[in-house]
Amino acid sequence: MPALLLEIGTEEMPALDIPCLAQELRATTSRVFTQEALTYRQIDVYYTPRRLAMLVCDLETQQEERVRSIKGPPAAVAFDSNGCATQAGIGFAQNQGVTVGELGQVKHGDKIYTSVKRSIPGKETAEVLLTILPGIITGLHPKKTMRWDSSGLSFIRPIRWLVCLFDDKLIPIELGSLRAGTKTHGHRFLEQEEVVLDRATSYVQALASSLVVVDPGVRESMVLDALKEQADRLGADYLVDDELLSRIVNGTEYPTPIFGSIPEGFLDLPTEIVHATLREEGKFVPFALADGTSPYFMGFRDGMPDRKGIVRAGYEQVVRARLRDSRFFFDKDRQGMLAEKVGDLRNMVYDARLGSLWEKVERVRALAGAIADHNGDGLGQEVDRAAFLCKADLVTELVQAFPKLQGIAGGIYARLDGESNAVADAISEHYFPISNEASLPKSRVGTIVGLADKLDTVIGAVLVGEEPTGSRDPYGIRRQANGLIRLAIESKVDLDFFELIESLKETYLVIERKGTMSDVRRFISGRVSRLLRQRYGIGPDVIACVAAVKGGNFYHVFLRARAVTTWQESKEFHSLITAFSRVRNITKDSTEKGFNPALFKSEAEKVLWREYLKVEGSLTNLLEKGNYEEGIKRLLSLKDPINCYFEDVLVMAKEVSVRQNRLGFLGALAGLFYRIGDLDKVITTSESPETKPALAQEKW
Amino acid sequence: MDFQEIVLRLHSFWRGRDCLILQPYDVETGAGTFNPATFFGTLGRNPWRVGYLEPSRRPTDGRYGKNPIRLRLHHQYQVVLKPPPTNIQGMYLDSLKALGLNLLEHDVKFAEDDWESPTLAAWGVGWQVWLDEMEISQFTYFQQMGGINLDPVSVELTYGLERIAMVLQHVESAYDVSWNDKVTYGALWWEKERQFSIYNFESAVVERIQKMFILCEEECRTSLMAGLVFPAYDYALKCSHLFNILDARRAISITERESFIARIRELAKACAQGYLGTGGIDACTTA
Chain A
0 MPALLLEIGT EEMPALDIPC LAQELRATTS RVFTQEALTY RQIDVYYTPR RLAMLVCDLE
60 TQQEERVRSI KGPPAAVAFD SNGCATQAGI GFAQNQGVTV GELGQVKHGD KIYTSVKRSI
120 PGKETAEVLL TILPGIITGL HPKKTMRWDS SGLSFIRPIR WLVCLFDDKL IPIELGSLRA
180 GTKTHGHRFL EQEEVVLDRA TSYVQALASS LVVVDPGVRE SMVLDALKEQ ADRLGADYLV
240 DDELLSRIVN GTEYPTPIFG SIPEGFLDLP TEIVHATLRE EGKFVPFALA DGTSPYFMGF
300 RDGMPDRKGI VRAGYEQVVR ARLRDSRFFF DKDRQGMLAE KVGDLRNMVY DARLGSLWEK
360 VERVRALAGA IADHNGDGLG QEVDRAAFLC KADLVTELVQ AFPKLQGIAG GIYARLDGES
420 NAVADAISEH YFPISNEASL PKSRVGTIVG LADKLDTVIG AVLVGEEPTG SRDPYGIRRQ
480 ANGLIRLAIE SKVDLDFFEL IESLKETYLV IERKGTMSDV RRFISGRVSR LLRQRYGIGP
540 DVIACVAAVK GGNFYHVFLR ARAVTTWQES KEFHSLITAF SRVRNITKDS TEKGFNPALF
600 KSEAEKVLWR EYLKVEGSLT NLLEKGNYEE GIKRLLSLKD PINCYFEDVL VMAKEVSVRQ
660 NRLGFLGALA GLFYRIGDLD KVITTSESPE TKPALAQEKW
Chain B
0 MDFQEIVLRL HSFWRGRDCL ILQPYDVETG AGTFNPATFF GTLGRNPWRV GYLEPSRRPT
60 DGRYGKNPIR LRLHHQYQVV LKPPPTNIQG MYLDSLKALG LNLLEHDVKF AEDDWESPTL
120 AAWGVGWQVW LDEMEISQFT YFQQMGGINL DPVSVELTYG LERIAMVLQH VESAYDVSWN
180 DKVTYGALWW EKERQFSIYN FESAVVERIQ KMFILCEEEC RTSLMAGLVF PAYDYALKCS
240 HLFNILDARR AISITERESF IARIRELAKA CAQGYLGTGG IDACTTA
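Those sequence lines, one after another, are chains A and B.
Using numbering that gives the first Met the number 0, the first residue of the first sequence is number 0, and each one after it goes up by one.
Using numbering that gives the first Met the number 0, the first residue of the second sequence is number 0, and each one after it goes up by one.
If you are wondering where the hints come from, they were derived from the structure by calculation, not from laboratory data.
Heads up, the beta-carbon is just placed ideally off N, CA and C, and yes, glycines get one too.
One thing to keep in mind: the hints can contain errors.
Under 7 angstroms between C-beta atoms, here's a sample of chain A residues computed to sit facing chain B [as the list claims (entries may be wrong)]: (1) K282; (2) V310; (3) G313; (4) Y314; (5) R323.
For lysine-lysine, the following DSS-like pairs were computed, each having C-alpha atoms within a straight-line distance of at most 30 angstroms [claimed, not checked]: (6) A:K632 to A:K549; (7) A:K600 to A:K549; (8) B:K65 to A:K340; (9) B:K96 to A:K331; (10) A:K592 to A:K513; (11) A:K403 to A:K340; (12) B:K210 to A:K340; (13) A:K549 to A:K587; (14) A:K227 to A:K513; (15) A:K624 to A:K592; (16) A:K624 to A:K491; (17) A:K182 to B:K96; (18) A:K331 to B:K191; (19) A:K307 to B:K96; (20) A:K592 to A:K638; (21) A:K143 to A:K403; (22) A:K441 to A:K504; (23) A:K331 to B:K65; (24) A:K504 to A:K549; (25) A:K513 to A:K549; (26) A:K491 to A:K142; (27) A:K624 to A:K638; (28) A:K549 to A:K491; (29) A:K403 to B:K65; (30) B:K210 to A:K331; (31) A:K624 to A:K570; (32) A:K600 to A:K632.
Let the sequences and hints guide you as you build the complete structure.
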């Protein structure tokens with residue numbers, strides 16, 4: 000079966016943008032081909048910095064027949080009440096060359112219209128391609144586009160050639176001033192650069208023999224294999240992240256490893272600085288030896304092996320020059336103490352509405368101090384020192400040259416200044432987690448400063464009206480909120496953040512507000528629910544159950560959710576929920592508070608009351624310790640007394656004082672359950688989801 | 000190949016491709032882009048091809064003569080082609096070959112670099128060209144200059160001559176480059192680098208430079224009001240250079256920085272509009 004090749008030849012596209020663009024090409028093609036009734040088996044995409052290509056495999060040579068429906072007058076107009084065609088009906092049929100009997104019906108909006116079905120015979124695929132392919136190319140949406148000639152075309156970089164072959168047949172599509180041909184380009188630095196393709200399926204092979212590996216997966220293996228092999232030889236680790244890898248893989252058409260070394264004279268620089276220097280602009284991959292030094296690196300040349308060692312000598316020269324620069328920055332920064340730079344933060348704007356970085360640091364100190372008061376394990380002094388210093392590295396030369404070293408540079412300088420390890424580690428770690436999956440601060444002080452920093456960022460953004468909406472989140476506030484919640488949950492921070500914010504609300508009074516503190520709580524609570532589901536795999540019903548109890552102790556929200564999930568499967572728990580529901584239903588409109596046990600009459604009442612006292616006594620202690628599973632177990636002992644109670648006792652007694660007393664007691668009893676959540680929301684395995692329609696409609 | 004030979008070969012190469020060969024501008028510039036031959040040359044519809052050498056002053060890049068490749072003043076060779084020829088990348092690579100580089104023995108990469116000059120209200124799309132991972136050129140398709148959308152667009156090629164000379168002469172430091180067969184780059188420039196670094200980082204009198212900035216800004220405005228865009232542009236260039244000195248002296252806070260840049264940008268935009276006769280002077284009087 001025939002295949003279609005489309006190659007868009009460009010000047011070098013930005014490495015990190017190419018994969019997205021290729022996926023878009025695939026998706027757009029698939030959508031347009033389906034619309035156009037072109038049948039195929041699959042689309043493979045290929046790309047390098049100089050080309051974006053796809054191979055549509057097993058594409059039928061003939062477009063499928065399509066049926067089009069032509070809308071006529073409304074049925075009520077075309078036919079009278081007896082079902083006979085009116086003048087309008089007959090006219091429409093005549094115009095379409097069919098008999099009245101052949102008229103069909105089509106619904107459009109609320110109305111029914113007459114219609115005629117027309118089949119459109121399929122054209123030759125080659126002919127269809129000629130008209131649709133240019134639109135597919137111009138319909139791509141690169142992140143940033145440019146113009147390069149007077150054709151009016153815009154794309155990520157100039158398009159310089161097009162190849163379009165359907166099997167062995169040229170499809171001469173036109174785009175701007177270009178017309179597709181059969182000629183592609185091999186590697187830029189080959190003597191014979193032009194390659195003529197005889198058929199679509201020879202694409203990958205023909206370019207491979209001209210030193211172009213069009214499959215990015217193959218290039219990635221070439222890079223990783225070279226790194227692994229060298230690392231094994233050295234007994235070292237290679238330090239490559241996704242971004243650096245993508246820059247190398249998608250910045251070359253034929254990656255060839257070049258191994259280099261760093262002169263000893265630079266190895267006294269902190270390794271983080273050496274690594275950042277090597278990785279800058281996606282150039283070199285550092286190797287880290289077991290002794291902590293990193294005297295080797297690997298770069299990737301685009302082209303043939305470097306037989307004369309010219310490229311290696313060039314790479315090493317660049318690395319030396321860059322390291323000299325880093326040393327210049329390092330030495331300049333070291334002329335003063337980190338603490339002396341804190342004052343310079345007054346001149347750095349954090350946000351026009353939220354003031355300077357100095358002001359942010361002051362707020363972070365206040366928050367961190369308050370957190371430390373509750374959870375500081377006596378580390379209050381270190382916390383305050385770390386909070387005071389945590390942003391100072393933003394004014395250093397090193398961070399201005401290597402923005403990714405923020406935090407890390409501060410940690411290095413703090414240690415060299417003789418600050419304690421706790422303070423230095425906390426500065427390094429306080430931005431953690433730097434992505435939704437990245438690791439958290441290890442130290443307690445780093446955790447506290449990190450919590451305070453993120454909390455301040457979220458509060459500030461929401462108060463000035465920058466709460467994320469839809470896909471709009473320019474300040475990355477969702478990520479900050481996720482970081483805050485993960486940190487609270489996974490580092491087991493037993494603290495009610497909403498109470499904390501409440502106690503420090505004066506700190507934020509100076510800000511001109513568009514949002515309120517209750518917006519902050521609502522936003523963060525929304526993030527908590529979402530994370531519980533997405534990250535911790537808690538079911539939506541359990542989340543609804545625990546979310547019914549408002550609170551800012553995220554760690555405990557998580558513990559409650561986990562405990563309910565654990566119990567969810569058990570039969571006992573199911574009957575406990577049933578018992579709870581009876582209590583809840585009867586008290587839900589009641590405002591009665593308090594009760595007098597002296598007014599209890601029946602034995603069932605007294606039994607339940609005694610059990611209530613027992614459970615209440617142990618529950619408080621258990622829940623404070625976060626032992627919600629055991630808490631639920633204690634609640635189970637209420638199940639039978641509750642059921643007996645409802646069999647023997649008429650809650651809605653005629654006598655007002657008895658009724659009020661009973662409602663007050665049951666209200667207090669329901670309160671016990673609410674310490675876990677609204678159990679009524681939980682779907683247990685023994686009931687089907689259909690019984691809770693309200694839940695299914697809630698959006699998660 | 001010595002330094003002056005490189006300049007002569009580039010002159011000759013681009014003269015052979017219909018470029019006017021011009022001279023450096025005689026007001027301080029941070030890059031060849033600031034030379035009026037590029038700023039005004041890229042505006043308007045007329046075709047324009049030009050090549051020239053531009054000594055480019057960047058006070059913050061000073062290293063007291065101690066860094067082998069980072070210099071307070073470096074020499075750019077600047078080429079502007081409007082409209083860009085379709086084989087412009089090939090033409091650029093040919094110019095490297097004309098300098099004696101065997102591209103089969105080196106690693107050449109076009110690495111994404113979207114260029115922007117906030118002070119000139121200009122931006123473009125293109126690359127840094129890396130020779131064995133060392134940046135030797137900037138290659139940019141200008142999309143906007145002086146706040147004006149360009150049509151046709153221009154392409155700008157900027158060669159970092161010290162770095163290219165280092166590769167060609169196999170030396171590790173710009174100061175070891177031979178200017179001709181008797182004089183080294185270091186003999187000509189090292190002491191100047193040292194003194195200017197001290198001046199820019201430590202000794203320039205901030206208050207006076209700030210006053211000079213204001214005077215130049217006023218002179219630029221007055222010239223614009225008189226319809227004299229070329230004199231006005233000279234003073235905009237001086238403002239830009241004085242700003243760079245203040246920046247190196249760390250006399251500009253981050254907050255002020257934005258407003259300084261905005262002030263220069265307004266001047267550049269008014270010059271561009273005045274040049275095209277589209278009411279730049281009015282825009283400036285209201286500023």
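Here's how the hints hold up against the structure:
no., hint, in the structure
1, K282, "5 angstroms, holds"
2, V310, "5 angstroms, holds"
3, G313, "3 angstroms, holds"
4, Y314, "6 angstroms, holds"
5, R323, "6 angstroms, holds"
6, A:K632 to A:K549, "23 angstroms, holds"
7, A:K600 to A:K549, "35 angstroms, violated"
8, B:K65 to A:K340, "25 angstroms, holds"
9, B:K96 to A:K331, "40 angstroms, violated"
10, A:K592 to A:K513, "38 angstroms, violated"
11, A:K403 to A:K340, "19 angstroms, holds"
12, B:K210 to A:K340, "28 angstroms, holds"
13, A:K549 to A:K587, "17 angstroms, holds"
14, A:K227 to A:K513, "53 angstroms, violated"
15, A:K624 to A:K592, "27 angstroms, holds"
16, A:K624 to A:K491, "12 angstroms, holds"
17, A:K182 to B:K96, "25 angstroms, holds"
18, A:K331 to B:K191, "21 angstroms, holds"
19, A:K307 to B:K96, "19 angstroms, holds"
20, A:K592 to A:K638, "22 angstroms, holds"
21, A:K143 to A:K403, "23 angstroms, holds"
22, A:K441 to A:K504, "29 angstroms, holds"
23, A:K331 to B:K65, "13 angstroms, holds"
24, A:K504 to A:K549, "19 angstroms, holds"
25, A:K513 to A:K549, "23 angstroms, holds"
26, A:K491 to A:K142, "40 angstroms, violated"
27, A:K624 to A:K638, "24 angstroms, holds"
28, A:K549 to A:K491, "19 angstroms, holds"
29, A:K403 to B:K65, "26 angstroms, holds"
30, B:K210 to A:K331, "29 angstroms, holds"
31, A:K624 to A:K570, "26 angstroms, holds"
32, A:K600 to A:K632, "28 angstroms, holds"
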